[in-house]
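> Sequence:
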Amino acid sequence: MSESEGNSFNENEDDHVVGLVEYINGQNAEIEQANLILEASEGDSCTYSMGYMKRQALYACLTCTEKDKEPGAICLPCMYQCHDNHDLVELWTKRNYRCDCGNDKFTSQCQLEPVKLETNDLNIYNQNFKGLYCICQRPYPDPDSEN
1 MSESEGNSFN ENEDDHVVGL VEYINGQNAE IEQANLILEA SEGDSCTYSM
51 GYMKRQALYA CLTCTEKDKE PGAICLPCMY QCHDNHDLVE LWTKRNYRCD
101 CGNDKFTSQC QLEPVKLETN DLNIYNQNFK GLYCICQRPY PDPDSEN
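Numbering follows full-length UniProt numbering, in which position 142 of the sequence shown is assigned residue number 142; successive positions increment by one, without gaps.
Simulated from the structure, these hints should not be mistaken for laboratory data. Glycine residues also receive a C-beta, built at the ideal position from the N, C-alpha and C atoms.
Cβ pair distances, simulated, as ranges:
{"hint": "1", "residue 1": "G26", "residue 2": "P141", "range": "22 to 30 Å"}
{"hint": "2", "residue 1": "V17", "residue 2": "E90", "range": "30 to 38 Å"}
{"hint": "3", "residue 1": "Q137", "residue 2": "H16", "range": "34 to 42 Å"}
Straight-line distance between alpha carbons at most 27 Å, and here's what the computed DSS-like set of lysine-lysine pairs gives:
{"hint": "4", "residue 1": "K94", "residue 2": "K54"}
{"hint": "5", "residue 1": "K130", "residue 2": "K67"}
{"hint": "6", "residue 1": "K116", "residue 2": "K130"}
{"hint": "7", "residue 1": "K130", "residue 2": "K94"}
{"hint": "8", "residue 1": "K69", "residue 2": "K94"}
{"hint": "9", "residue 1": "K54", "residue 2": "K69"}
{"hint": "10", "residue 1": "K67", "residue 2": "K116"}
{"hint": "11", "residue 1": "K54", "residue 2": "K116"}
{"hint": "12", "residue 1": "K69", "residue 2": "K116"}
{"hint": "13", "residue 1": "K67", "residue 2": "K94"}
{"hint": "14", "residue 1": "K54", "residue 2": "K130"}
{"hint": "15", "residue 1": "K130", "residue 2": "K69"}
{"hint": "16", "residue 1": "K116", "residue 2": "K94"}
Based on the provided sequences and hints, a complete structural model is requested.
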């Protein structure tokens with residue numbers, strides 16, 4: 001019996017075995033990345049005063065957006081404080097955005113930072129802010145999907 005035949009565990013050459021240290025380092029890197037993204041969103045303060053942030057978790061509030069207006073981006077603290085129990089769209093993380101809560105895109109004032117400019121001219125909006133994704137312009141998850 002050859003050595004390879006005697007092993008009950010046959011490794012495929014394409015398989016990558018991950019050691020415990022490598023796994024832990026990978027997990028720590030993912031946690032660090034998540035902390036960097038959510039760091040500015042923690043607490044009870046709107047991120048508006050931080051300007052156009054390098055990266056932050058954002059949401060769109062469909063409840064506070066008038067039908068003929070484009071939805072705006074709101075930060076995590078505003079989601080909890082100003083838009084609790086509203087119809088929200090999770091936008092995941094976006095780069096170079098400034099919180100729109102309370103500006104002219106919304107029907108009410110921001111409770112965390114009431115004094116804001118009417119618009120954030122550098123924010124860029126697309127169909128994702130209405131809960132529609134990809135070129136099919138369908139919601140995610142799609143309620144009409146068979147799967």
